[in-house]
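K.L.:
One-letter residues, chain by chain:
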Amino acid sequence: MSDLTASAYPVTREALVAYAAASGDPNPIHQDPEVARSVGLPDVIAHGMFTLALAARYVDEQLGEPGRILELGAKFTKPVVVPDSGTQVEIEGTWRDERTIALKVTCAGESVLGNPVAVVRA
Amino acid sequence: MAVDASLAGRTFPPTEPYDVTEQAVADFAAATGTPYRQGDPAPATFPIVVAFGAMQELMRAPEVGIELHHVVHGQQKFVHERPITVGDRLTATLTVSGLRQIAGTDIITTSSAITDAGGALVCTADATLVHKAGDR
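From first to last, the protein sequence lines are chains B and Z. For what it's worth, the working numbering labels the leading residue of the first sequence as 1, then goes sequentially. For what it's worth, the working numbering labels the leading residue of the second sequence as 1, then goes sequentially.
Think of the hints as simulated: they come from the structure by calculation, not from any bench. Don't take each hint at face value.
Straight-line Cα separation of at most 27 Å, BS3-like style, residue types lysine-lysine; simulated pairs [claimed, not checked]:
id : chain 1 : residue 1 : chain 2 : residue 2
1  : B       : 104       : B       : 75
2  : Z       : 77        : B       : 78
3  : Z       : 77        : B       : 75
4  : Z       : 132       : B       : 78
5  : B       : 104       : Z       : 77
The following block holds chain B by itself, in its conformation from the complex (with noise of 0.2 Å):
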């Protein structure tokens, strides 16, 4: 099956407080280093939503059109670590079959997702 145009999208901290409020996450792993640091973390990570989120926005632009996602999920392989000056997430898709697009979604050139996979209305 074919596969979809890459995307990249940026990922900054000021992103992942918007985040925390708009999906009423609080948890400080996501925006406080220290707290991070705490429970060993390197520093700062995302939300694993908010990365699921960003597979979910690049599904709609490849489809063109919001609300065609049936199912989504994957699993949070590994933290997208989010320093001061910011990260992106690259994400890429291929069609499985007629209604599946089986995606890859890295961070600096490490899978970050495992598995994640997009049911969609045709």
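Following the hints, position chain Z against chain B.
P.N.:
Only chain Z this time, still in chain B's reference frame:
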């Protein structure tokens, strides 16, 4: 201290109804740069807002009592019955579908049924929460 094993199989009471507003959907979309125009369906991961409320009630339960910053989100899946739109009134009912302990870590699998004001299933949100018990 590990999470109480009796938790497995438990269904928690439904969360308070959540009214989906234009502002809430627009803010959620904007945080990840997701294109959103008034009247569009909510992004596919929007129901996490409702499911997360149910997960927080689980974490606050006396026999669970785990701190959010000691919890890592291990896995998430959404299955949509229909798109969510502004004006929906949603409630999440969370069931602890599984509980395992591996080397001092609790792996809690949950399934939240998100229903509308008429009681119809809108979305099923399955989450795996990983809690390092030794951190308490």
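K.L.:
Each hint should be assessed against the structure and marked as holding or not.
P.N.:
Now for the hints, and whether the structure bears them out:
{"no.": "1", "hint": "B:104 x B:75", "in the structure": "12 Å, holds"}
{"no.": "2", "hint": "Z:77 x B:78", "in the structure": "17 Å, holds"}
{"no.": "3", "hint": "Z:77 x B:75", "in the structure": "9 Å, holds"}
{"no.": "4", "hint": "Z:132 x B:78", "in the structure": "16 Å, holds"}
{"no.": "5", "hint": "B:104 x Z:77", "in the structure": "16 Å, holds"}
Going down the numbered hints, you'll see the structure goes against none, and every one checks out.
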